[in-house]
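There are 2 protein chains.
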Amino acid sequence: MYRAPVEEIAHTLKSVTGFGKALDAGRFGDLGEDLVDAILAEAGRFASDEIAPLNEIGDTEGAKLDDGVVTTPAGWKQLYRSWIDGGWNGLTGPEDFGGQGLPMLMSVAALEMWNSGSLAFGIGPTLTMGAVEALEKHASDELKAKYLEKLVTGEWMGTMNLTEPQAGSDLNALKARAEPVGDGTYRIFGQKIFITYGEHDFTDNIIHLVLARLPDAPAGTRGISLFLVPKFFVGDDGSLGARNDVFCSGLEHKLGIHASPTCTMIYGDGKFGDEPGAIGWLIGEENRGLACMFTMMNNARLAVGMQGVAVAETATQKAIAYAKERTQGRAPGFSGEGMSPIIQHPDVARMLMTMKALTQGARAICYSCAEALDMARLTEGDEAKAWSERASLITPIAKAFSTDIGMEVASLGVQVHGGMGFIEETGAARLLRDSRIAPIYEGTNGIQAIDLVTRKLPLSGGDTVARLIAEFKADAEAARADNSGALAGVADRLEAAIADLEAATAYMQAALAEGRQPDALTGATPYLRLFGLTATVALVARGVLADAQAPQAAARAALARFAAANFAPETAGLLAAATEGAASLKGAEAALA
Amino acid sequence: MYRAPVEEIAHTLKSVTGFGKALDAGRFGDLGEDLVDAILAEAGRFASDEIAPLNEIGDTEGAKLDDGVVTTPAGWKQLYRSWIDGGWNGLTGPEDFGGQGLPMLMSVAALEMWNSGSLAFGIGPTLTMGAVEALEKHASDELKAKYLEKLVTGEWMGTMNLTEPQAGSDLNALKARAEPVGDGTYRIFGQKIFITYGEHDFTDNIIHLVLARLPDAPAGTRGISLFLVPKFFVGDDGSLGARNDVFCSGLEHKLGIHASPTCTMIYGDGKFGDEPGAIGWLIGEENRGLACMFTMMNNARLAVGMQGVAVAETATQKAIAYAKERTQGRAPGFSGEGMSPIIQHPDVARMLMTMKALTQGARAICYSCAEALDMARLTEGDEAKAWSERASLITPIAKAFSTDIGMEVASLGVQVHGGMGFIEETGAARLLRDSRIAPIYEGTNGIQAIDLVTRKLPLSGGDTVARLIAEFKADAEAARADNSGALAGVADRLEAAIADLEAATAYMQAALAEGRQPDALTGATPYLRLFGLTATVALVARGVLADAQAPQAAARAALARFAAANFAPETAGLLAAATEGAASLKGAEAALA
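Chains A and B, in that order, are what the protein sequence lines are.
Mapped onto full-length UniProt numbering, the consecutive letters of the first sequence carry residue numbers 1 to 593.
Mapped onto full-length UniProt numbering, the consecutive letters of the second sequence carry residue numbers 1 to 593.
Everything labelled a hint here was simulated from the structure, so no lab data went into it.
Careful, some of the hints might be misleading.
Identical chains blur together in the list; that is why a pair holds if it fits in one copy or across any two.
Quick list of in silico lysine-lysine cross-link-like pairs, DSBU-like style, CA-CA up to 35 Å [to be verified]:
| hint | residue 1 | residue 2 |
| --- | --- | --- |
| 1 | Lys64 | Lys77 |
| 2 | Lys21 | Lys586 |
| 3 | Lys144 | Lys77 |
| 4 | Lys586 | Lys324 |
| 5 | Lys324 | Lys456 |
| 6 | Lys64 | Lys324 |
| 7 | Lys324 | Lys175 |
| 8 | Lys64 | Lys271 |
| 9 | Lys473 | Lys21 |
| 10 | Lys150 | Lys271 |
| 11 | Lys175 | Lys150 |
| 12 | Lys64 | Lys144 |
Okay, chain A solo, but in the shape it has when bound (with noise of 0.2 Å):
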C-alpha cells in the first residue's frame, strides 16, 4: 500500500529546487518551511489513507452511466467530499475566493501524492483548477462572481470541452458552434468526446469550459470561442435553477483510470430546456478561446507530468515491497537460509533502482517547472520573462518524460512482481493500465516534443535552454569537485550527457534556422528523451550535495551513481537518432505501404 514519500518530496522542493531558499529569503511571505512541512505531511496523509484504499474498488466497479447520470464507484463521493472539507482543492486558489493562494510548488508536490493514491481521482480536480485559473484570468467579474468560489472550493468542479472526433490534436477542425441569443449569451451545439468528469455525483453543479465557433469566425483556430456552460444555471444568489441543455450520452469503456468518467457531452440537442442549445457565456475575447485554453492547458500538462511521477512512486514502492518479500533462488553472497529475498538478485535490484531513479529524475524536473511558474509571478520585468521561459521550455519535458517514464516504470513494477504482475488483484498491472493514458492526453507526447523543439527551443534565441543546461554543468561541476566520493563517475558521464544535448540543441536550432522543419520534426522525441535523461542525471546529483549531510545521502548518491552509470550513456545514441533528421524516414512511405 502507498505511503507518501513525504520526505523525499520535501527535500526535493526545498533542496533540489530553489525553493527553500526562497523561503529563507522571505520570497513567499510569510509561508514558512514549518507550515511548508505541515501541509506536505497531512497531504501525504491524506492520499496514502483515505484515497489509496479506493484506488482498487474505483478500477473494479469504475463509473457507471444510466439514462445520463453518472455514478461514481462506492465511497468516492465521500473521498471528494472530504478531500473539499479539508481545503485541498484550492490550495493555489486566489485568495479573494476562499483559495488558499499557495505556490504551484506546493500544489504539485499535493498532486503527486493524490495521483499516487489514485490517478483516476486526481485527475479531476485538475480541470477544476484549469478552469479556476482561465477564469480568474480571462473571464468577466460577472463571471467570477457567480463561479469562482465554488470551483475554489471544490463545491462545483470544472471541466476541459476540447476535443470532437474529427478534432483531437488538431482544433482547426473543432466544428462546435456559438449562436449569439442577443442578451450577451449564446446557444451552443455539438458534440464533445473524452470529457473528464464531463457527468459525475461528486458536486451538484458542473462548470464545463467549451471551445466551440460563432458565426462567420474566421477557419482554423483563429475562430475558436471559449464558452462557460453550467451543468444548470445559478442564480444571482448563488441557487440552483433549471438544467441547462447539456448532457452526457455515453461512457468510454477503457484501458485504465476506470473510476474518472470519460464522458460523451452532447451540447444543444433540445433534451432540457425550451428551445435547443446550451446556453453559454463567452469567457474573454471572441475567437480568442484557444489562448484562454491553453492557460488551462500549459498547467494541465505539468498536472499531467505529476501523474507519470505519482504512478511511477507506487509503482516502485509495491515493487520494492514484493521484492523484499518474495524470496526464490540464491543470490550471489546471499548466506541466509533457504531461499533468498528477489530484491537481493542484481538484475531485480536493477529494476527497482531504475524504478526509483527514473522516478526521483521526472520528480525533481516537474518541481522545477512549478519553481519557474512559482518565480515568474513573484518577479517582474526580465527576470519574471526568463522564469516564465523557463517554465514553458520545461512543461513539454515534464509532461512527456514523466508519463514515458511512468508507463515504464508500471511496466517493470509488473516485471518484478513475475507471474502475480499479470494477476488482476496483486495490483501492478492496474498501475500499468491507469498509467498508459498519460502519455496521450492533454496533448501526446509527440505533440509535447514538436512542442519542445520548434516553440520552445528558440525563446530568447536561444538563451532560455542555454540557461537551463549552464545549470546541468554547473551540477556536473559541483559532482567534480565533490571529494566524498560519493557521486564517483557522476561528472564525466554527466558532462558527456550534457555535451550530447548541447549539440542536439544545436541540430535542432540549425534546422529550423534553415526552415528545415522535416530534420527537427523527425528526431523531436529522441530528443525530448535526451533532455530528460540528461536532466535526470543531472538534479538527482544535485539533490545529493544540496544535502550532503543528511541521513538519506548515501542512499541518494547511490540513485546518483546508478542514474549516470546507465541513463548518460543513453544520450549518444539518443543523439544520433535525434540529429538523423529526415533522412531517417527516407523510403518509409515504401516500408509503411
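Go by the hints and put chain B onto chain A.
Below, chain B without anything else, positioned relative to chain A:
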C-alpha cells in the same frame, strides 16, 4: 483486422535464414518451396479469417469456471476443432504418431500467425506441442502408444505443471509429491498454479505433465520427477474411463489473454476416485524430471518469443491502418486538401518505422533459432553440436528480446491511436494487455538474460557466440560491398554495434572466468538487449541483400537504414550499462530501503 504477412514471413524464412538454400539442396527431403508456400498461405488464411475474428470475444467473455468446469468463450471450441481438423496441431509432430514431421521453421512461422490472430489461442497448442516433444523423447513405449497420437492430432491437449505458490523461477522449492503405488503408478498430491489451459472444454481429455518429488528424493532440483497425469483414465483401447483425482479450483483474473484459462490445479484432494491421489505415470527416470521438462521448456521459450513477434506484427498492422485513415493537422510538405493522414507526420512515421523494424528484427532472430534447431536434427557430429549450441544461444534472446519488443511495439501502437488507443473497443489496448505476459512466463526475461550470459556465452569456450557474431560481421561487409545505395550508412553503424557487442561479450566472459558472477549478473539484461538490437540491424539488412531484385527491396532497405540509424547507436549506452558490473548497484541496499 490482421492479415497474415505471408510474403514477408516466407522471405524471412527462406532468405534471411538458410532455409531456402537448404530446401534447394534437398536437405529437407521431399519438402519443396511450393509446398512451403502453400502451407504458409493456408496457415495465414486460417489465422486471418478464423482465429483473428474471435480474439475480441475471447477477451471480453474470457474463460469461465463453474464448479470445476471451464467454459471457453463463444466460438472458441469450434475454432479449436477446425484448427485440429486442418492438421495444424501435428505440423511438426512425429510422423509415426500422425504428425507431419515438418521442420521447426514451418512451425514458428505458423505459430507467429496463430498468435497474431490471438495470443490467448496460440498459447494452448504450444503446451500440447511441448508435451508431445517431452513424451517423444523421454516416455516409455507404452505411454507413447497410449497418448502420443491423440496429442499429436490435438484430439487431446497437454499441459505443463511446474509452478507452485512458493516455487516460480526457483524450482528447488517445489513441494508436490508422488508416492509409488507399487504397480508402476504413483499417487500425486499438491497444488499447481498458473497452469495454462489446465482445464477447458476444447478436448475430451487433458494430459497433464506434472513435476513432483518422490519420497526420499534429494532436495533441490535433482529430486524432481516428471509424471503424466491424465484428466480421465485411458483404457488400452483408447476409451476414456473414470475421472482422475485432479481438478481446477480457480481461474486467475488476468490483465490479458482472458480466453486462455490460467488454472490452479489440485492434485490428490480426494475429489475423484476411491482414495486421494491423482494417478500418474513416470516419464523418463526418477529424479530426472527437470531435464525432461526442459525439453518442453526450451521450445516453449522460442514459442513465447514468437508471441512477442506475433503481437508486434498485429499491433503494427493496426497502427499503420489507423495512421493512414486518421487525419489531423498538416504534415510538412502535404499538398492535399484539409488535414493530412497522420502517417505523414514525421513523429508518427517514426513510431511506425520503429514498430515495423523491431518486429522484423525479432522475427528474423526467432526464425534463426528455429533454423538452428532444424539443422541440428539434420546434421551429425560437430556440425550438429554447433547448430544445437547455436539454438541454445539464441533461445534466450529469441524469448526475451522478442517479448520485450512485443510489449514496446504494442504500447507504441496505443500511442499512434491517440485517445482512441485507450478505449478498449479499438483493440490496441488489448494487444498491450495481452503482450504483457510474454516477458514473464516460460522464464522471466531477467532469467533469460542470466541464462544467456552464464550458460550460453561459455558454450564451446566462446566459439558458439563468436561464430554468430562473425555472421553479423559478414552482413556488415556485404552491406559495405553493396553499391546500390540501398544500405547507405548501414555498414558503419552495424560495425560499430558489433564492436560494442564484442566488447560486452568479452567483458561477460572475463567476469565469468574470473569468478566475478555479480558483475555478469548485474549487466545481463542490457547485454541481452544489446545482442538483440545488433542482431536486428544485421538481419534486417541481410534480408535486403538476400533478394535485392524483389519488388519489396526498396521497402526493406528503408527499414534496414532506419534500424541502423536508430537502433545501432543504442548499443554504446547498453555496452556501458552492461559492463558497469556490480559497481552499478553499490549502495542499492540503502537506496531501496
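Each hint, compared with the structure:
1. Taking the shortest alpha-carbon separations for Lys64 and Lys77, both the intra-copy value of 13 Å and the inter-copy value of 33 Å come in at or below 35 Å.
2. For the homomeric pair Lys21 and Lys586, the shortest alpha-carbon distance between copies (32 Å) is at most 35 Å, but the shortest distance inside one copy (51 Å) is not.
3. With identical chains, the CA atoms of Lys144 and Lys77 are at most 35 Å apart within one copy only, with a shortest distance of 26 Å there and 63 Å across copies.
4. For the identical chains of this complex, Lys586 and Lys324 are inter-copy neighbours only, at 18 Å across copies versus 49 Å inside a copy, given an alpha-carbon limit of 35 Å.
5. Proximity of Lys324 and Lys456 under a CA criterion of 35 Å is satisfied inter-copy only: 29 Å between copies versus 43 Å inside one chain copy.
6. Only between protomers do Lys64 and Lys324 lie at most 35 Å apart by alpha-carbon distance; the minimum there is 34 Å, versus 38 Å within a single protomer.
7. Taking identical chains as interchangeable, the C-alpha atoms of Lys324 and Lys175 lie at most 35 Å apart only when they sit on different chains, with a minimum of 22 Å there against 54 Å within one chain.
8. For the homomeric pair Lys64 and Lys271, the shortest alpha-carbon distance inside one copy (20 Å) is at most 35 Å, but the shortest distance between copies (41 Å) is not.
9. Within a single copy, Lys473 and Lys21 get their C-alpha atoms as close as 20 Å, which meets the 35 Å cut-off; across copies the closest is 57 Å, which misses it.
10. Taking the shortest alpha-carbon separations for Lys150 and Lys271, only the intra-copy value of 26 Å comes in at or below 35 Å, while the best inter-copy value is 63 Å.
11. For a Cα distance limit of 35 Å, the shortest separation of Lys175 from Lys150 inside one copy, 30 Å, qualifies, whereas the shortest one across copies, 62 Å, does not.
12. For the identical chains of this complex, Lys64 and Lys144 are intra-copy neighbours only, at 32 Å inside a copy versus 55 Å across copies, given an alpha-carbon limit of 35 Å.
Hint compliance for this structure: every hint is met.
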